[in-house]
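A.B. asks: Those protein sequence lines, which keep their order, are chains G, E, S and F. Residue 1 is where the first sequence starts when you use the numbering used here, and the numbers rise one by one after that. Residue 1 is where the second sequence starts when you use the numbering used here, and the numbers rise one by one after that. Residue 1 is where the third sequence starts when you use the numbering used here, and the numbers rise one by one after that. Residue 1 is where the fourth sequence starts when you use the numbering used here, and the numbers rise one by one after that.
Source of the hints: derived by calculation from the structure; they are not laboratory data. All of these numbers come straight from a predicted model, not from anything done at the bench. Glycine included, each C-beta is placed from N, C-alpha and C at the ideal position. One should not assume that every hint holds.
Listed below are the simulated DSS-like cross-link pairs for lysine-lysine, each with C-alpha atoms no more than 25 Å apart in a straight line [claimed, not checked]:
1. S:Lys-31 <-> G:Lys-124
2. F:Lys-31 <-> E:Lys-124
3. G:Lys-97 <-> E:Lys-124
If we take Cβ atoms under 7 Å as the criterion, some of the chain G residues that face chain S in the derived model are [stated by the list, open to error]:
4. Gly-35
5. Pro-53
6. Ala-61
7. Gln-64
8. Val-100
9. Ser-135
10. Thr-136
11. Gly-140
Label pairs and their computed distance ranges (CB to CB) [stated by the list, open to error]:
12. F:Glu-11 <-> E:Ala-137: 11 to 21 Å
13. E:Ala-23 <-> F:Thr-49: 35 to 45 Å
14. E:Leu-132 <-> G:Ser-57: 20 to 30 Å
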Amino acid sequence: MLYLYDGSLDVPTILKEWYEQEADSNYGAYIPFVGTVRSEDNIEGLSFDIYEPILRSWFEAWQQRIRAKGAVIKMAHSRGDVMLHESSYIAAVFSPKRRVALEFIDEFVEDFKASAPIWKYDLKNGKRIYALDRSTAIKGSGLLS
Amino acid sequence: MLYLYDGSLDVPTILKEWYEQEADSNYGAYIPFVGTVRSEDNIEGLSFDIYEPILRSWFEAWQQRIRAKGAVIKMAHSRGDVMLHESSYIAAVFSPKRRVALEFIDEFVEDFKASAPIWKYDLKNGKRIYALDRSTAIKGSGLLS
Amino acid sequence: MVRVEFLGPIEKKPLELDISNLNELAEILQKDKEMQVWLENSAVAVNDTLVSSRDVALKEGDRVVLLPPVCGG
Amino acid sequence: MVRVEFLGPIEKKPLELDISNLNELAEILQKDKEMQVWLENSAVAVNDTLVSSRDVALKEGDRVVLLPPVCGG
């Protein structure tokens with residue numbers, strides 16, 4: 001399941017809800033990844049734009065791949081502003097045994113960073129500045145240049 | 001920090017407490033691993049013995065190694081009986097950036113399985129049966145044979 | 001008409017163009033100097049599916065979007 | 001005296017032995033048929049530090065523990 005929220009994530013509540021959703025599913029491993037806004041370069045926070053249709057189809061493809069291994073993936077992300085030390089991202093894998101979850105959480109988070117259609121902006125002096133230097137061109141970019 | 005509990009772990013509360021403990025530490029990534037008792041082979045649950053002195057020194061060595069990379073490790077484990085679909089183990093890494101946490105959580109969990117002085121028993125018909133076939137001899141075993 | 005949209009940080013209003021493939025779109029966008037950098041680092045989706053080749057026929061009602069470099073999380 | 005303890009599933013009471021190294025301990029334990037398998041798959045710690053060689057001198061008050069195969073989590 002994919003959950004999008006306006007503003008920061010309520011991490012304890014989401015981790016609890018996901019744990020309880022799968023409490024009787026007989027998964028031996030549950031590995032969440034929580035991403036939190038760090039203080040660096042004098043930012044006040046971050047802000048996010050999401051393009052939902054492609055995010056949903058990207059997530060759906062991952063869901064099928066992970067289901068084929070008997071596991072489950074869940075993800076939550078913020079839209080708009082998220083201030084320092086607040087969290088904007090959670091991904092979690094549940095699997096019967098640990099290796100599948102350990103490998104998928106790593107692979108999923110890396111592919112998320114490289115492919116998910118989400119744009120990040122630094123919040124500085126009340127302005128929203130696109131974080132180009134920390135962004136990754138999606139595979140196949142430059143097609144029209 | 002290492003936390004030992006009698007019986008099953010209250011996963012949502014522990015995940016929340018750890019998240020809040022590090023809320024202002026400026027870590028960008030928080031990755032817990034949660035281990036839950038699976039229904040298999042008709043067990044009613046599992047039971048654990050822990051040898052605390054060596055567990056603590058093993059954990060302390062890991063803590064130093066992880067701190068040297070600017071990260072933090074926390075772990076909770078159950079003593080005694082933990083029934084089906086209850087959880088007995090949580091490990092979590094916090095780090096400034098994601099790669100350190102993704103790599104350490106995997107390495108820590110695998111070393112935990114191979115080295116931590118904890119013994120697992122199946123609970124079957126009210127009996128406690130040592131899970132020898134799922135156990136791993138600690139490195140250097142056989143010294144006295 | 002084909003609708004062309006620019007996502008995220010690309011500050012450009014949507015276009016409605018009478019084009020039948022991505023080559024024609026490339027030609028038009030390359031004339032806009034401010035689009036130069038975005039053309040180099042953006043991916044392209046037709047009807048919300050990413051495409052890896054310009055050999056895609058476009059028809060009335062199709063939607064093209066440009067996706068600049070991403071950074072979720 | 002040196003105290004020897006058997007951890008986890010090894011059902012054997014602690015021993016108090018007058019020994020001065022691990023070779024002497026090995027000799028004594030090898031005489032116990034029920035210990036055969038445990039000796040093969042157990043690690044050894046002296047004063048709660050795992051050891052990888054039998055060349056460890058033991059003195060009055062030392063504690064040796066045998067750790068059979070583990071499975072936390």
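A.B. asks: Next, verify each hint and record whether it holds.
C.D. replies: Cross-check of the supplied hints:
The suggested pairing of Lys-31 of chain S with Lys-124 of chain G is violated, with an alpha-carbon distance near 33 Å, which exceeds 25 Å. A C-alpha spacing of about 33 Å is found between Lys-31 of chain F and Lys-124 of chain E, which places the hinted pair above 25 Å, so the restraint is violated. For the suggested pair Lys-97 of chain G and Lys-124 of chain E, the alpha carbons sit about 21 Å apart, so the restraint of at most 25 Å is met. Hint status for Gly-35 of chain G: holds, given a least beta-carbon distance of 4 Å to chain S, under 7 Å.
Look at Pro-53 of chain G: its Cβ gets to within about 4 Å of chain S, closer than 7 Å, so that hint holds up. The closest approach between the C-beta of Ala-61 of chain G and any C-beta of chain S is roughly 11 Å, which is over the 7 Å cut-off, so the hint fails. With its C-beta approaching chain S no nearer than about 16 Å, Gln-64 of chain G sits outside the 7 Å limit, and its interface hint is violated. For Val-100 of chain G, the suggested interface contact is broken, since its CB lies about 22 Å from the closest CB of chain S, more than 7 Å.
About 4 Å separates the beta-carbon of Ser-135 of chain G from the nearest beta-carbon of chain S, less than 7 Å, and the hint is met. For Thr-136 of chain G, the suggested interface contact is upheld, since its CB lies about 6 Å from the closest CB of chain S, less than 7 Å. At about 5 Å, the closest approach between the beta carbon of Gly-140 of chain G and any beta carbon in chain S falls short of 7 Å, and the interface hint on this residue holds. At roughly 18 Å, the beta-carbon separation of Glu-11 of chain F and Ala-137 of chain E lies within the given 11 to 21 Å, and the hint holds.
Hint check: Ala-23 of chain E to Thr-49 of chain F, Cβ distance near 37 Å, so the stated range 35 to 45 Å holds. Judged by the Cβ atoms, the range 20 to 30 Å given for Leu-132 of chain E and Ser-57 of chain G is violated: they are separated by roughly 47 Å.
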